[in-house]
Amino acid sequence: MKKIGIADTTFARFDMASAAIDELQSLSASVSIIRYTAPGIKDLPVSCKKLFDEKNCDIVMALGMPGSKQIDKQCAHEASTGLISVQLMCNRHIIEVFVHEDEAKNEKELSILANNRTRKHAHNVINLLFHPDVLRKHAGEGLRQGFEDAEPIR
Amino acid sequence: MKKIGIADTTFARFDMASAAIDELQSLSASVSIIRYTAPGIKDLPVSCKKLFDEKNCDIVMALGMPGSKQIDKQCAHEASTGLISVQLMCNRHIIEVFVHEDEAKNEKELSILANNRTRKHAHNVINLLFHPDVLRKHAGEGLRQGFEDAEPIR
Amino acid sequence: MKKIGIADTTFARFDMASAAIDELQSLSASVSIIRYTAPGIKDLPVSCKKLFDEKNCDIVMALGMPGSKQIDKQCAHEASTGLISVQLMCNRHIIEVFVHEDEAKNEKELSILANNRTRKHAHNVINLLFHPDVLRKHAGEGLRQGFEDAEPIR
Amino acid sequence: MKKIGIADTTFARFDMASAAIDELQSLSASVSIIRYTAPGIKDLPVSCKKLFDEKNCDIVMALGMPGSKQIDKQCAHEASTGLISVQLMCNRHIIEVFVHEDEAKNEKELSILANNRTRKHAHNVINLLFHPDVLRKHAGEGLRQGFEDAEPIR
Amino acid sequence: MKKIGIADTTFARFDMASAAIDELQSLSASVSIIRYTAPGIKDLPVSCKKLFDEKNCDIVMALGMPGSKQIDKQCAHEASTGLISVQLMCNRHIIEVFVHEDEAKNEKELSILANNRTRKHAHNVINLLFHPDVLRKHAGEGLRQGFEDAEPIR
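Protein chains in written order, with my numbering: chain C, 1 to 154; chain B, 1001 to 1154; chain F, 2001 to 2154; chain U, 3001 to 3154; chain A, 4001 to 4154.
No wet-lab data here; the hints were simulated from the structure.
Source: prediction; values computed, not measured.
Wrong hints could be hidden among the right ones.
Only pairs whose alpha carbons sit at most 35 Å apart, straight line, appear in this in silico DSBU-like list of lysine-lysine [stated by the list, open to error]:
no., chain 1, residue 1, chain 2, residue 2
1, C, Lys3, C, Lys120
2, U, Lys3105, B, Lys1108
3, B, Lys1073, A, Lys4108
4, B, Lys1069, F, Lys2073
5, F, Lys2069, A, Lys4069
6, U, Lys3137, B, Lys1120
7, C, Lys120, C, Lys105
8, C, Lys3, F, Lys2003
9, C, Lys55, B, Lys1003
10, A, Lys4003, F, Lys2120
11, U, Lys3108, B, Lys1069
12, A, Lys4137, U, Lys3069
13, B, Lys1073, A, Lys4069
14, F, Lys2073, A, Lys4108
15, U, Lys3108, C, Lys69
16, C, Lys55, C, Lys3
17, C, Lys73, B, Lys1108
18, A, Lys4108, A, Lys4137
19, B, Lys1069, C, Lys120
20, F, Lys2055, C, Lys120
Taking beta-carbon pairs under 8 Å as the criterion, some of the chain F residues facing chain C (in silico) [unchecked claim]:
no., residue
21, Thr2010
22, Ile2034
23, Pro2039
24, Lys2050
25, Ser2085
26, Pro2132
27, Asp2133
Covered stretches of chain A, as calculated for chain U (at least 3 residues, CB under 8 Å) [said to hold, decoys possible]:
no., region
28, 4061-4069
29, 4075-4081
30, 4088-4099
31, 4140-4152
For each residue, glycine too, the CB sits at the ideal point set by N, CA and C.
Just chain C, same shape as in the assembly (with noise of 0.2 Å):
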C-alpha cells in the first residue's frame, strides 16, 4: 500500500489538510495517509524531508498558506527552494500546494480556492502514483489548480 504524507501548518487559515485526506481517500482505497502538522511554511522542507525519511512516504503534499507582504513573499520562495531540494535528496515527489492570501478578492473565494486547489492537487498526488498515463494525456492542456483551467493553444 502506498504512503502518503501530508505536511502542513498552523500559520494557514485553511484546514487545506483535512481537504486533502478527503480528496485522496475518495479517489483510492489503497493508500495510507501520515498527517505532520508544523508551524509555517519554512517548516514544511523539513517536515516533508521526515515524512519520506523517518515514514517512509512515497509522495508528499505540502500545504501552506504565504500572507500577503513582502516578506511573506520571500518565505514562500525559501520554502518553494527547501522543497525542491527535498525531492532531489529523496528522489519523491513533493506537490507543494501554496495559496496566497492576495489571489482572493475576498474571505469566501479565499476558501474555495484553497479547497479546489487542494483537491485538484490530490488528482495529481494519485495519478503521479498510479496513473502517471493520465498525466501524459493531458500534457500541453493548460491544467490549472483552484481556478479555471487555460486554454490549449495550437
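Following the hints, complete the assembly by docking chains B, F, U and A onto the known chain C.
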C-alpha cells in the same frame, strides 16, 4: 532528556535568548538548553549545525533581529536559506525567530514584539518535541507569533 | 543506444514534448526516448532526476511554459535553480526549454515560438550527445532558439 | 595553535587583509594566519573551502568590497550564499566582512569603514575561537562593526 | 602539466574562448587546454563540472555573454550560483567571465570589452595556478577586468 539549542546574536538589540530560555523552562522541566551566541544572523546557520552535530541538540531556535535596510533584508534571506539547508542536512527542526526592525512602530513595540514572538515560538518548540497532536489540532487556524492571530476562514 | 528523457507538464498550453520527440527522431535513428509528464514546472527537477537515476537517461529535455505573473517568474526561477542542481548531482546535461507566456504578442505567435524553440533545442541535445564539434564550431555566434539568431560581433 | 585563514581579493580597493592580520596578532599570540588572495568576491567561497580542506584552518575571514552597481549587489549575494554553504560543509565559521562602496559618503570614510569593520570582526574571530562567553555576554546588545553600535532596547 | 578547461557558449556573440586560449598560451607554455562548448550560460555549471570530473582539469574558465533583458539577468544569476556550487563540490576554481550586453554602449565597445575581460581573467587563471604571490601582492588594489582598474583608497 531532550536537548534544545538556542542560537542568537550580538547584533540583535533585544536579548531574545533569555526570553526563550525563560519560556522553555516554564513549559517543561524535562529539557536541557544549550546556548550559542554568534555575531550576526548570517552566522546562525553554521551555529545551528554545530548545535546539532557537536552538541547533539534535538531541535534549535535561531533568534535574530534583521535591520531595516535592503542589505539587511538580503542577509535575512541568505540566513533563512541556510537554516533550511541545515534542517535538511540534519533532519531536525530549526524554529527561526526573526524580528525585523521595521515591523514595529517604535522601540517599545519592537521589544514587546521580540519578547512575544520568541515566547510563542518556544511553545512551538515544545509542541514539536512533545505534543505534535497540539499542532495538528490547530492546523489551518491562522496562528501567528508576535502580533494577534489571524482568523481562520471557512 | 543513447537514451533521451523528456520531462514536460500538464500546466503548459502547448504540447512541447511531441514537437521535441518529432524533431529528435528526425535527427537521429539511434536514440530511445522516455517521456515523463508532471503537473507543473516546479515538479520538473525531481522528474529529471528520476529520468537519470531510475531510467538511466543520458540527457534530459525539461519543457515548460511559465505564466506571465510575478509568481510564475519566481516558480520558473526556482525550477531553473533545481534543474542546475540535478545536473551537478548527475553530471549530465538538462536542456531547459522554457517559453514564457509574455514573450509572444498573441497565442498564434506563442505556439510558433514554443514549437520552434523546442525543435531548435532538440538540435542542441543531439549535438551534445553526438556532435560536440558542431557546438564548438558555432561558439560565440549568437545562436538563439525560438526567435532569430543574434549577430556575432567582431 | 589555532589556524586562522584570511581570504581576500584584488578587486577590493583597500587592503583589508593587512588590517585583519594586524588586529588578530595584537589580540592573540597563539594563532597562526594563512592568507589566500583571489580575484573577486565570487572566488571567495572556494578560497575559504580550500583554506579549511587543504590548509586545515579553524576559522576563516572572508574580506571583500562589492561595488555600488546592481550587478555588484548580486555578486555579493551569490558570494554570501556560497560562504554559508561552505560553513555547512565544513562545520566551521567564516566571518564575512563585506564593505559596500555605497555605504560611505566618500573615499576617506570608506577606508575608515573598511579598516574599522575588519578590525571589529577580528575580535569576533578571536571570541569565537577562544572566548564564546564574551559573545554570550553581549548577546542582544546591538553590536555593529564599522559604524556606531546600535542601542539595545528594553 | 596543468590542465585548464574552457567552457563557452553558442549563445555568446563573441568568440571569448579563442581570446582566452590565445592569452593563456602566450602566458605559459606549460598548460594544456580543453574546450567544451554548450548552448547557453545555464549549461555552463554542468559543463565545468564535467571538465573537472571527466577531463581532470585543474581550473576552468566559464565564458558567457548574458543578454540585456530581465530574464537574461536571472539566467546569469542562476548560472553564477551553479558555478559556485561546482567549485565547492570540486575544491577547484572556476573563473567566471561574464560580459553583459548592456555594459557597453555599442557593439564595437562590447567586442573590445569581451576581448579585454577574457584576457585579463586569463592572467588570473595563470596566477592562481602558478603565481599566488602575484595576486597577494595586488590584494586590495582595485583591479578590474575589461574596463579601467579602480583606484585603491588609503
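Exercise. Between B/Lys1069 and F/Lys2073, does the CA-CA distance stay at or below 35 Å?
Worked result: holds, 25 Å
Exercise. Between U/Lys3108 and C/Lys69, is the straight-line Cα distance small enough, at 35 Å or below?
Worked result: Distance of about 39 Å is beyond 35 Å: violated.
For this session: Assess, step by step, whether the Cα of U/Lys3105 is no farther than 35 Å from the Cα of B/Lys1108, and give holds or violated.
Result: Within the cut-off at roughly 31 Å; holds.
Problem set entry | Hint check, F/Pro2039 versus chain C [nearest Cβ-Cβ separation less than 8 Å] | holds, 5 Å
For this session: For the pair supplied as a hint, C/Lys3 and C/Lys120, confirm whether the alpha-carbon distance does not exceed 35 Å.
Result: Given pair C/Lys3, C/Lys120 holds - Cα atoms ~19 Å apart, limit 35 Å.
Exercise. Has the given pair, F/Lys2073 with A/Lys4108, been kept, meaning a C-alpha gap of at most 35 Å?
Worked result: holds, 33 Å
For this session: Under 8 Å, Cβ to Cβ, is where F/Thr2010 needs to be relative to chain C, so tell me if that hint holds or is violated.
Result: holds, 4 Å
Exercise. Has the region 4075-4081 of chain A got at least three residues whose CB is nearer than 8 Å to a CB belonging to chain U?
Worked result: It holds, with 3 qualifying residues against the three required.
Problem set entry | Within 8 Å of chain U's CB atoms, at least three CB atoms from the region 4088-4099 of chain A: coverage verdict | holds (count 7)
Exercise. Between A/Lys4108 and A/Lys4137, does the CA-CA distance stay at or below 35 Å?
Worked result: holds, 33 Å
Exercise. Taken at face value, is the distance from the CA of B/Lys1120 to the CA of U/Lys3137 at most 35 Å?
Worked result: holds, 24 Å
Exercise. Straight-line Cα separation of B/Lys1073 and A/Lys4069 no greater than 35 Å?
Worked result: Since the Cα atoms of B/Lys1073 and A/Lys4069 sit roughly 25 Å apart, the hinted pair holds (cutoff 35 Å).
In summary, the numbered hints that this structure violates are 3, 15, 19, 22, 26, 27 and 28.
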